[in-house]
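> Chains as they are written, first to last, in this note's numbering: chain A, 85 to 329; chain P, 3 to 446.
Heads up, some of the hints might be wrong.
Straight-line distance between alpha carbons at most 30 Å, and here's what the computed DSSO-like set of lysine-lysine pairs gives [unchecked claim]:
(1) P:K183 / A:K318
(2) P:K443 / A:K318
(3) P:K443 / A:K148
(4) P:K199 / P:K183
(5) P:K443 / A:K160
(6) A:K318 / P:K339
(7) A:K313 / P:K327
(8) P:K278 / A:K160
(9) A:K318 / P:K327
(10) P:K278 / P:K443
(11) A:K313 / P:K339
Hints are computed from structural coordinates only; laboratory data are not their basis. Note that this is a predicted model, so its numbers are computed, not measured.
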Amino acid sequence: MGVRAPAAAPAPPKAETILDQYVEATGGRAAYKKVHNEITTGTMEFVGKGLKAALTSYKAEGGKSYNLAEIPGVGKIEQGTDGEVAWERSALQGPRIKQGEERAAALREAAFNADWRDLFKKAELAGEEDVDGTACYKVILTPNEGRPETRYYDKKTHLLVKASKIVKTAMGEIPAEIAVSEYKAVNGILSATKVRQVAIGQEFLITISSIEYNAGLPGNRFDLPDDVKALLEKSNGAGKAATSK
Amino acid sequence: MRRSPPLRLPIAVLWPVLAVLVAARAATAPALTAEQRRLNVESFDYVWSAIRDHHWDPKLGGVDWDAARNELRPKVEQAGTMTEARAAMNDMISRLHQTHFGIVPAEVYEDIGPRPGAGREESGEGTVGIDVRVIGGNALVTSVEHGSPAQAGDVHPGWQIVRIDGAALEPVLRKVAETYKNSTMQGLMLSRAVTSKLDGKAGEKVRIEFLDGQDKTVSVEIAREQPRGARVQFGYLPVRYVWIESHRLGGNIGYIRFNFFLDPARLMAAFADGVKSCADCRGMIIDLRGNPGGIGVMAMGMAGWFLDHAGQELGTMYTREAPLKFVVNPRLETFGKPLAILVDSNSASTSEIFAEGMKDLHRARIFGTRTAGAALPSVFERLPNGDGFQYAIANYISEGGKPLEGVGVTPDVEAPLSREALLAGRDPVIDAAADWLRQTKEAQ
């Protein structure tokens, strides 16, 4: 009598497959192609600090974005992209043009309905890991410019559960952990409505209260603010002067 | 197709938000209920864990934190009053020997804001409208606010405060001076020892005994009023009243003064107006005397009006997780003329970050006296028992490589106040800065 060898465990999927499965799980390419812009509103709580900001985010094809955070006691903090320029302005610091990795990350985040293959040059499966009781695939994505980031996808639902990344800011590099949950469907597209971020020991809880697709947006929604334009002209002028010497 | 939730890290610029000294108020001490005791123990545990987990030095400078817990937790469990419970928590915190750690009694957070329709005199927190420094062991009035109750009471700069509500100040000042004799915070704590007795509930009166300019005893009863400025609430930081003023001094010198680095939406706009309106000035004075700090990032924003090259830094804050640089973002049009910054013993935290950073970058000349040496980025939270809890989450090293905590900013030009100058209506610090601006070549 012979003993049958146990069936070999199925080979884990490739990273590309996991990422494509995420797209399908959250609505699929057909649903995405019907969406040309998005308005998201919500709040961001600085957990334990008595602060809660109102958030409004606009995104559109062509890598356009405008994000507004209104923080009591601080005022407005605005960030935007027009597909080429990434900027920020606030009462705290005035206008600023993002450069280097910070700019690349901002443009990547703003890429609307982009294929991940256009934004990341490499995706690798780095094993499996339990994330708060959920069995996940661990995928490392290397962007075209910047540091790799790690994402954890639920093995069963294919949804993104967590991400870890080093965020490049004007003040330096900040390690961040981001956990997403409470997916809700709008127009057939699933989006996480709870985002818990932890950075430098501080927890931020983002709660999305509304998502609207294909909204009528004013034509100038993604225009560069005047002071950002002026800053750009000034730096372009300085660049030309430097090259003409 | 890529679909991702809002993963962009929000508000990294806000992270080094607070660096403010808090004047804790004396609390009354009724007996505690069992629930209050339980909440106090929970609060103690939270304080202990937060410092263990978030202090930028995992070794806490060598303090045996477990031993501190073992010794002091029973005291909180057995505390019969809030005063006793807070004392045990403050005892634990004090073992770190660092600023920006403290317990804020819950009473400070009670609604002390203005009642609708109330005048300044009925609004809650009250002050008499004088600023005080202890010079040569004597509590001196260094300024009298225009339109204040003190001005109405005919109080003058240079007068010495001898008694408040019948109690002599001298023993208090002697004790505080001794307690802080080896600390850069001595001057700050001495003036606070006086102002904590002058301040109180708006509408209530305080009797102050002075020695006037002829050393004659003058006793004045003054009704406190709501402090000058806009009422500002930021997170769990106790309410502050924030003001800013700007004008020109003789000799075409710009002058800007503000009392906190808070309320950026309003303050930064007013600061910008102050700078822009002085584009033709020969120089600028920024007066940070008495400014205990606030939102750290505002220092970067203000510096941007005076530095026109990108990439310059005021300094670095070192958290446990990552260093964060105080990078200056130059404005579109900057003020390029000479800059003087005024500081004194009560300039702290963000004021020190700004002053030392601008000094290190050779962009400003510092006048006055050494600052408080209390510059640690911190946060404020509420404890389960309702008290506030401030704790530092980072160390700070200036661009020149100098820690400010326990060291302070040393002025380029030492210019102390004196009773003689105050009585004569002079401000030697402003005078020294203005003289320099009038003489320096770049200003001409």
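> Hinted pair, alpha-carbon criterion (30 Å max): K318 (chain A), K339 (chain P). Please report holds or violated.
Holds: K318 (chain A) and K339 (chain P) sit about 21 Å apart, inside 30 Å.
> Is the hinted pair K313 (chain A) and K327 (chain P) satisfied, with a Cα-Cα distance of at most 30 Å?
OK: K313 (chain A) and K327 (chain P) at ~26 Å, within 30 Å.
> Is the straight-line distance between the alpha-carbon of K183 (chain P) and that of K318 (chain A) 30 Å or less?
With Cα atoms ~52 Å apart, K183 (chain P) and K318 (chain A) exceed 30 Å; violated.
> Hint check: K443 (chain P) vs K160 (chain A), CA-CA at most 30 Å. Holds or violated?
Judged against 30 Å, a Cα distance of about 40 Å means the pair is violated.
> With a cut-off of 30 Å on the C-alpha distance, tell me whether K443 (chain P) and K148 (chain A) pass.
49 Å, violated
> For the pair supplied as a hint, K278 (chain P) and K160 (chain A), confirm whether the alpha-carbon distance does not exceed 30 Å.
22 Å, holds
> With the threshold set at 30 Å, check whether the alpha-carbon distance from K199 (chain P) to K183 (chain P) stays at or below it.
The hint holds at about 21 Å.
> Decide if the proposed pair is consistent with the structure: K313 (chain A) and K339 (chain P), CA atoms, cutoff 30 Å inclusive.
Given that 30 Å is the threshold and the Cα spacing comes to 26 Å, the pair holds.
> Is K318 (chain A) within 30 Å of K327 (chain P), Cα to Cα?
25 Å, holds
> Is K443 (chain P) within 30 Å of K318 (chain A), Cα to Cα?
28 Å, holds
> Does K443 (chain P) sit within 30 Å of K278 (chain P), going by the straight-line distance between their CA atoms?
Given pair K278 (chain P), K443 (chain P) holds - Cα atoms ~22 Å apart, limit 30 Å.
Of the numbered hints stated above, those contradicted by the structure are hints 1, 3, 5, listed in ascending order.
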